[in-house]
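Participant: Chain residues, written in single-letter form:
Number of protein chains: 2
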Amino acid sequence: MSSGEVVPVDGRRARRDRNRDAVLDAVHELFVEDRALPTVESVAERAGVSLRSVYRYFPDTRELMTAALARRVAQADSLFELPGLGEGSFEERLDRFVAQRLDVYERAAPTIRAALALAPNAPAVAEQVEARKAHLRAQAAEHFAPELAGRTDEHAESVLAAVEVLCQFEALELLRDERGMTVEAARRVLLAAMRAVLTSRRGG
Amino acid sequence: MSSGEVVPVDGRRARRDRNRDAVLDAVHELFVEDRALPTVESVAERAGVSLRSVYRYFPDTRELMTAALARRVAQADSLFELPGLGEGSFEERLDRFVAQRLDVYERAAPTIRAALALAPNAPAVAEQVEARKAHLRAQAAEHFAPELAGRTDEHAESVLAAVEVLCQFEALELLRDERGMTVEAARRVLLAAMRAVLTSRRGG
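Here the protein sequences come in this chain order: A and B. So the first sequence is numbered by the numbering used here: it starts at 1 and just counts up by one. So the second sequence is numbered by the numbering used here: it starts at 1 and just counts up by one.
Next comes chain A alone, as it looks inside the complex (with noise of 0.2 Å):
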């Protein structure tokens, strides 16, 4: 800054709030490259700015990784919504279905994945995976409604807890990161295994 030059509060604010998202842009790059929490020097130089300001920003670096999270969990919420809810028929809502899961997964594995390394340790983030599944659980029960209908209550529960245990993010993290199945072979398997639960008559 040259001398005598008068300097807004706006523009400060404007580079303080610049150099804000970019710290928390910086954890989340960090943590997608290293499946790890970064640590605040590598946040610093990730971000271009000094070690300094990221403690004046965010004096608790838990709060900082929580922070950095929660925004990207937000901005990931029009991901989670499944257009024609429970229209057409069985086939068709289960291709839906299906895509939409591995359409989650293929644009925000890495945030997911973070947010579930720290949920146990941030209630926040936690409370964020929390509200997210209630969501996906009660998506997939209104979804599948004419395929849960005229079973007990405990089959129908049975069911749409496979259900969710075939499509929760562990289960794309098998089948694409652990096993490297293509997008297309790890279709298969879901819609396989989806349609043999959904179908089947039977109870435990």
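Check before you lean on any hint, since a few could be wrong.
Intra- or inter-copy, both count: the list cannot distinguish identical chains.
To be verified - When the alpha-carbon atoms are kept at most 16 Å apart in a straight line, the in silico EDC-like pairs for lysine to aspartate or glutamate are as follows:
| hint | residue 1 | residue 2 |
| --- | --- | --- |
| 1 | Lys-133 | Glu-87 |
| 2 | Lys-133 | Glu-92 |
| 3 | Lys-133 | Glu-81 |
| 4 | Lys-133 | Asp-95 |
| 5 | Lys-133 | Asp-34 |
| 6 | Lys-133 | Glu-178 |
| 7 | Lys-133 | Glu-29 |
| 8 | Lys-133 | Asp-77 |
| 9 | Lys-133 | Asp-177 |
| 10 | Lys-133 | Glu-63 |
| 11 | Lys-133 | Glu-184 |
| 12 | Lys-133 | Asp-60 |
| 13 | Lys-133 | Glu-33 |
| 14 | Lys-133 | Glu-91 |
The set of hints was computed from the structure by calculation and includes no laboratory data.
Use these hints to put chain B onto chain A, whose structure you have.
Facilitator: Just chain B, lined up with the frame of chain A:
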């Protein structure tokens, strides 16, 4: 130690080994209680040894966590065996398989949870986890060989992947821990879903 007493080297070593074990036990206990890696301070307090001793036994904190878990994981080896592998009718094999997976979860969930949380940052633990998963996958393939036979390779692979998704640790975690199902309710979910998947003749 009263003055004049002769301290044999073996006695010192025995005490050091006991203290080391106490430290390793403390790490595991605290992880189980808090579901998060403990601090070195809390480990020292729980183990009843000085902070300095903990650092002397384990100069590297991450190595301490890894050693504590590796020991527990190795102790759990026998849990992962499936007696009568591949023997009996489909329903008998199904019952035994699901019972074994539930048993592993009931007995070792805290240790497995800790191992999975630590794996991204501890290659030794990641290797143990990998080896265990490969073992369980091969076990499922052998146990359900009759149901996988007579399918195309692709379809057999897809059925096996669904079995893996349904019975992986994270599936049990969802049913037992997150949804709070009883062991019997979780058993019903898995039996019905596994039966549907393994007896379905249709691919994805």
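Participant: Could you check the structure against the hints above and give me the numbers of any it violates, in ascending order?
Facilitator: Of the numbered hints, 1, 2, 4, 5, 7, 10, 11, 12, 13 and 14 do not hold.
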